[in-house]
Structures are given as structure tokens and as C-alpha cells.
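Chains as they are written, first to last, in this note's numbering: chain S, 1 to 184; chain U, 1001 to 1119.
Keep in mind that the hints were calculated from the coordinates and are not lab data. Where a beta carbon is used, it is the ideal one built from N, C-alpha and C, also for glycine. Keep in mind that the hints are not guaranteed to be accurate.
Residues from chain S shown here face chain U by an in silico Cβ test under 10 angstroms; the list is partial [unchecked claim]:
{"#": "1", "residue": "GLY28"}
{"#": "2", "residue": "SER30"}
{"#": "3", "residue": "LEU125"}
{"#": "4", "residue": "PHE140"}
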Amino acid sequence: MRDSRRTIEEFLASVERRAFRMAQISTGNSEDALDIVQDSMFIWVRKYSEKPEEEWRPLFFRVLQNKIRDWHRRNKVRNRWRIWLQPWGKSNEETVGENSIEHLADPAVKEIGDQMVLGHSMQALEAALAALPLRQQQAFLLRAWEEMNVRETAAVMGCSEGSVKTHYSRAVHALRNLLEDHQL
Amino acid sequence: MKNQDDENSFLKKVKHSLDQGEENISAETLSRLHRIRQEALNTKYNKNAWGIKWIPMPYPALATAAMVLLAVLIYLPGDREQAPVNPLDDLEILASNNLDFYEDLDFYAWLAEEEPNAG
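Next up, chain S with everything else stripped away, as it sits in the complex:
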């Protein structure tokens, strides 16, 4: 029992920093990122910790990515209702598009150019990543940072390998454009 707990703890310790950073980049908010990591860990421990160890990592990142996607969905719905409920608000302002959340860029992140001028490469990179549509962002982080292959990434994202290739390629292209004047 003790060994099992230690093995699971070591695994969680090995993924928690990266999980936090992925969630933080995607939400732009540390508190929400911690909530997402907490939910992911609880779900993973409850549902998947009995699975073979070689499945742990992709399963954990699958839960994490689903939680990040849930966060964006809820955020989108909340924003829609907030706009609709504003008493004297601009109810005709359709600030929320018709596109599905997977294709929406994070509206919270702006002024990437300004940050690049300031020479803050890390902040510029984060801003550029956060500005990507969610599915591109996920594909990029899983492929380029977590170093998953196309098949693993597709399984974690719950989409086809072709979609992963498309999202990843677009993400690389967009990031290179956004960061071309920077040192990255």
C-alpha cells in the first residue's frame, strides 16, 4: 500500500508543474490553473491510478486537456449570459462568436507586439500561445513540449491524427509569425 502510494505520488509530482503551466498559459490565470490541476489529479487518482503505469501519463494529460476545454466552455457560456443579463448592457453586441470553443482564440490575451518590444521573451511566448485557438494550443504544447507523437496527441486530444497534424502545423506557423521579431 505504502509503495503504491509512493509510486503514484512520484508520478503526480513528475507531471504537476507542467500541468500547472499548461493550464496557466491556457487560462491566463494561476488560480484557475490550480483548480484545473486539482480536478485533474482527483479524477486521475479516482479513475485511472489502478491502470498500468505506462498508461498514466497520457491518461493524466487527457484528463487535464478535457478540464482545460471545460474551463473554456464554461467561460464562454458565462460570458454569453453575462452579456445578456447586463441591465443596460449592449445586448446586441455579439462578442461571442458562433465558432465552437475549439476554434476560438483567447480574448484575454492582447498586445503581443508590445510585450515583444519590451524584450520579455517568456511573456511574449506565453501571450502568443494563449492567443492561439485552443485546439492549436493543445496540439502544440503536447507535441512540441510534452514530446508526444501524433498518435499519442490524437488520443489525448480525442481527435484524429489528421486533425492533430493540421492544428500543430497551423500553430507552428502562427507562432513563428507572432514571434518573428523576437529572439525566439
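Guided by the hints, dock chain U onto chain S, whose structure is given.
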């Protein structure tokens, strides 16, 4: 060829920056991550202490959300525009604590496919 080299160099730098960001997480955040990890482990190894957190409670949450929605719909002036989407869809999303119900299916299909190629 040069383009591919440029891309590889770009990706290497991005990865390096992301790694640095991971290394620079604040001590306070690391401490909170440590606490979260321990709480998650306690749900498995010390169920009495944390089990209550996982009592499924979709119905109270759904009922509360439904009442709030109903109150809003009743008391708002009648000339407001319709909500842009079906309110029940939103209600389901807002009330849901578990949108990961679809997690397993295609993942295990992939694992099954992967199995014959393993080691």
C-alpha cells in the same frame, strides 16, 4: 531544408523557454501543488478524510441552477432579446461537474490498437 532547420531551431528555443517557465514556478505555487497532490492521494488512501468531496451532487447543483435561471427569466423585462442559444444547453454546462464522461472510449481504442506494436 533551411526552412526545416529554422523550424527545428525555433521549436528548440520555444521548448527551452517553456522549460524555464516550469523551473521558475513560485515557491508558493509549488507548495499549493504539493498540497493538492496530497489531497488527491488522500482520496485514495484515506477515504474518510476526503471522501465527502466526491459524493456526486449533480442534482442539487442542477436544481439550484434551474431555480436561478427560472427566476431570471420570470423577473427580467419582457422586451429583452432571446438568449442566443438554448438555455438548457448552457444550464447543463454550468451545472455539470463532470464533462469528462467521454474520456475513455477512443483512448482505449487507441491503446488497443497500440498494444500489438508494443515492445
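Structure-based check of all given hints:
Residue-level restraint check for GLY28 (chain S) is violated (minimum Cβ-Cβ distance to chain U is 14 angstroms; threshold 10 angstroms). Interface restraint check for SER30 (chain S): the shortest CB-CB distance to chain U comes to about 7 angstroms, inside 10 angstroms, so the restraint holds. Hint on LEU125 (chain S) holds. Least Cβ distance to chain U is approximately 5 angstroms, under the 10 angstroms limit. Taking 10 angstroms as the C-beta cut-off, the interface hint given for PHE140 (chain S) holds, the closest approach to chain U being about 9 angstroms.
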